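Participant: Listed below are the residues making up each chain.
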Amino acid sequence: MQAANGTVLRYGDNVDTDVIIPARYLATGDPAELAKHCMEDIDREFVTKVQRGDMIVAGKNFGCGSSREHAPIAIKASGISCVIAETFARIFYRNAINIGLPIVECKEASERIHAGDRVRVDFDTGIITDETTGETFRGQAFPPFMQKIIDSEGLINYINSK
Amino acid sequence: MGMTMTQKILAAHAGLSEVEAGQLIEADLDLVLGNDITAPVAIREMEKFRKEGVFDRDKIALVPDHFVPAKDIRSAENCKCVREFAKKNKITNYFEVGQMGIEHALLPEKGLIAPGDVVIGADSHTCTYGALGAFSTGVGSTDMAAGMTTGKAWFKVPSAIQFRLTGSLPPRVSGKDVILHIIGMIGVDGALYQSMEFTGEGVAALSMDDRFTIANMAIEAGAKNGIFPVDEQTLRYEREHGAAPGTVCAADPDAEYTRVIDIDLCALRPTVSFPHLPENARTFENIPDIRIDQVVIGSCTNGRISDLRAAAEILRGRHVTEGVRCIVIPATERIYLEAMEEGLLRIFIEAGAVVSTPTCGPCLGGYMGILAAGERCVSTTNRNFVGRMGDVSSEIYLASPATAAASAVTGRITDPTGF
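Chains as they are written, first to last, in my numbering: chain A, 95 to 256; chain B, 285 to 703.
The set of hints was computed from the structure by calculation and includes no laboratory data. Only a predicted model underlies this, so the values are computations on that prediction, with no experimental measurement involved. Mixed in with the good hints there might be a few duds.
Below, a list of computed lysine-lysine pairs in the DSS-like style, where the Cα atoms sit at most 25 angstroms apart [claimed, not checked]:
1. A:K256 - B:K371
2. B:K332 - B:K436
3. B:K335 - A:K256
4. A:K256 - B:K436
5. A:K170 - B:K332
6. A:K242 - B:K436
7. B:K371 - B:K355
8. B:K440 - A:K201
9. A:K242 - B:K371
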């Protein structure tokens, strides 16, 4: 996976895993079914407006709260190609890497990208381009070890390949 | 340069003489935990591993506690998945309904956590065991699967914030008020990727149950872990619960902290976190008259015996006011039994509260106390996010067991100090 390209859905600070996927849907681990309720308690229209390849751009501490891996699974299964945030909560950060959901930390991009902008993220260089405004930003690069997990498309493939 | 308590534990488990903040390490695990929500996802992931089976059947704990006794058919299927996996892999520490409890109250009670251990659990409140001087942290299901298979996990060594505690808590003020105060001070991402290390002479004045409550909510400040030094009280608790001796680690005198915060326990007051973030902490001079519909006393944060005693002290001889439901949930079977023998259950029932078997149920909006549109709940649980306990327009006010009990009596958010 070299790059992602999509339209932005915008959210604020402290988007927690309860609003990403409420516990009333946790009785299943099925990605397609979780995707049907993704972001339900913060944005009821999310599931109808999201298109494959779209990106989420949010503020600080994205994915705080419960460790439920159902949250990044629901986001990935709903077609989101990348989540850009100023910071991520630490368990969500790990989970996203472990299941192969691309995430980028970038304060400037988080502040300046608007809902509806077309954005391109180059994962090799970490460059984020807002094609609507023409602005570019540099996301924080992953340490090589995490990059290997990402390149293996998740922790299990990485461990199997060792 | 000196190491923090957390760094010392991690170094010892990575086979290194020292580590520093930001370093990526692979550590050996002493215990891997999962529940009925997270373990089924991990179990399915494990099928993708080339290596079969578990690394050590004695070092895995499986605790169905979120939606048990099963709330619906799908929950029952999840429990069945965990039960069959435990049987197939001869997991020593599988706890069925009847022996189970809320995982983070149960594991210390069963003596499964020793000081100096490294523990991961597929539940964010796994950080609770820092109260026993262990490094423990919440992870997702894939990390749990990898941990169960390989016995190892990767970590980025955290930097730390030091909390220097002095004094002792006034009456009706508890560990819950301490941690809500701290989260109010530093914010829900105030300790992002960091350890919260609690130190100072004030630690000795905190009961083990208070320490469990404080460490439990470190995640609510974004922390990787919360940890307490091991003292006489810790060692007594561990002896009484049959834990292994473990390895007592202490921070180096020259350990580096990114921030040092002094907390005078004497100055703390009953604290309530307003919707919809735990950081919205207020003391009663800033709390208006707010009517409530429900009270929940329980959870991995506040379902221990001293929590039930604190609530019973207030409810003894009083009555839950008309129009309010009060739900009390002892966190484990042993706590349930203790509460029964001490007469606490009678106090709750005579006060008009309902007493449930151990479950996480209402805390995460699972069952056993879901909120309708616009309803308000004073809860001793740990999160007050939008929709966490029910309808998106419902409101959760986080508080101590004493504050929750006092509020059940008056039907309003109430300072327990006057009771």
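Participant: Mind listing which of the numbered hints don't hold for this structure, in increasing order?
Facilitator: Hints 1 and 9 contradicted; others consistent.
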